[in-house]
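Participant: For reference, the chains in residue letters:
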Amino acid sequence: MSGITPEHYFVLSAILFVKVAYGVIARKNLIIVLMSLELMLNAANLAFIAFSRVHGNMTGHVFMIMSITVAAAEVAVGLALVVAVYSHKDSLNVDILKMLKG
Amino acid sequence: METVLFYLFAALAVAGALLVIVHKNPVSSAVSLVLTLFATAVLFVLLSAHFAAAIQILVYAGAIMVLFLFTVMFLNLKPGALDFDSKNMAFKGSLILAGLFFVGYFAILAYNMAFPGGSTAALPEDFGTVEGVGMMLFTDYLLPFELTSVLILAAIIGVVAIAKRRES
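Read top to bottom, the protein sequences are chains P and H.
The first sequence maps to residues 12 to 113 in my numbering.
The second sequence maps to residues 10 to 177 in my numbering.
Take the hints with a grain of salt, since some may be wrong.
With a Cα cut of at most 25 Å, we get these calculated SDA-like pairs of lysine to any residue [said to hold, decoys possible]:
| no. | chain 1 | residue 1 | chain 2 | residue 2 |
| --- | --- | --- | --- | --- |
| 1 | H | LYS173 | P | ASN104 |
| 2 | P | LYS30 | H | LYS33 |
| 3 | P | LYS109 | P | TYR97 |
| 4 | H | LYS173 | P | TYR97 |
| 5 | H | LYS33 | P | PHE74 |
I should point out that these hints are in silico values taken from the structure, not numbers from a laboratory.
Work the whole structure out from these sequences, hints included.
Facilitator: Okay, structure coming up:
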């Protein structure tokens, strides 16, 4: 690894994670919130792979495959919820989900 | 060479993520999402994780992005249906996230203290190949691997139950 240390990858992963976490907090469009959640998982995957490379151990790759499976299941359920919300309320604003409070 | 590739694709990934969270139109966001995911796949190759890079492109850039685009088309959004994003949460959000970033940074510092001089270990012969990852997945991690199939089954049933049309 000439010049590029694993720390570069960790910092990149942290930057990506924090930036898309900002998308989850600040955006009100349900679909874009879901996309940002996907990118958060993706940033975590990058950290998994980088740690795997540091230790010369492939466990991180296995965890990354599990994490991708969870991401796929999550996005399928999330988009089904988006379709259900839009057909009920004709809006994708996150704020209309206040009707869920007890 | 590797330095140039790292900085190029890191910049692409960061730019793609930025575009995802600033675009108003979900279709443009989905295309920027693909940019970030491809750039991340290239970074996986730089980390000698070839199988992970292939999986990343197949599952994320193939399946998940198509799912997003399909849903956006399926919803058939009315013009003006997306005009509600406000900027007033920006300050509070950025404070929280600056805090998170520093927590992450100190975690990296702590990691460096725990593993001093933690440069890269020597790689085994089959590192990152389908054979190496597959052997691990189907021996040491067989039970979690089988349990993910239960997770996917639960997701399928949940999606069908949520998205089907109500009769009323």
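Participant: Determine for every hint whether it applies to the structure shown.
Facilitator: Quick rundown of the hints versus the structure:
Simply put, LYS173(H) and ASN104(P) have alpha-carbon atoms about 21 Å apart, close enough for the 25 Å limit, and the pair holds. Straight-line distance between C-alpha atoms of LYS30(P) and LYS33(H) comes to about 17 Å, which keeps the hinted pair within the 25 Å bound. Note on LYS109(P) and TYR97(P): the hinted pairing holds, with a Cα-Cα distance of about 14 Å set against a maximum of 25 Å. Among the hinted pairs, LYS173(H) with TYR97(P) is consistent with the structure: their alpha-carbon atoms are about 13 Å apart, no more than 25 Å.
A threshold of 25 Å between alpha carbons decides the hint, and for LYS33(H) with PHE74(P) the separation of about 33 Å lies outside it, so the pair is violated.
Consistency note: the structure conflicts with earlier hint 5 alone.
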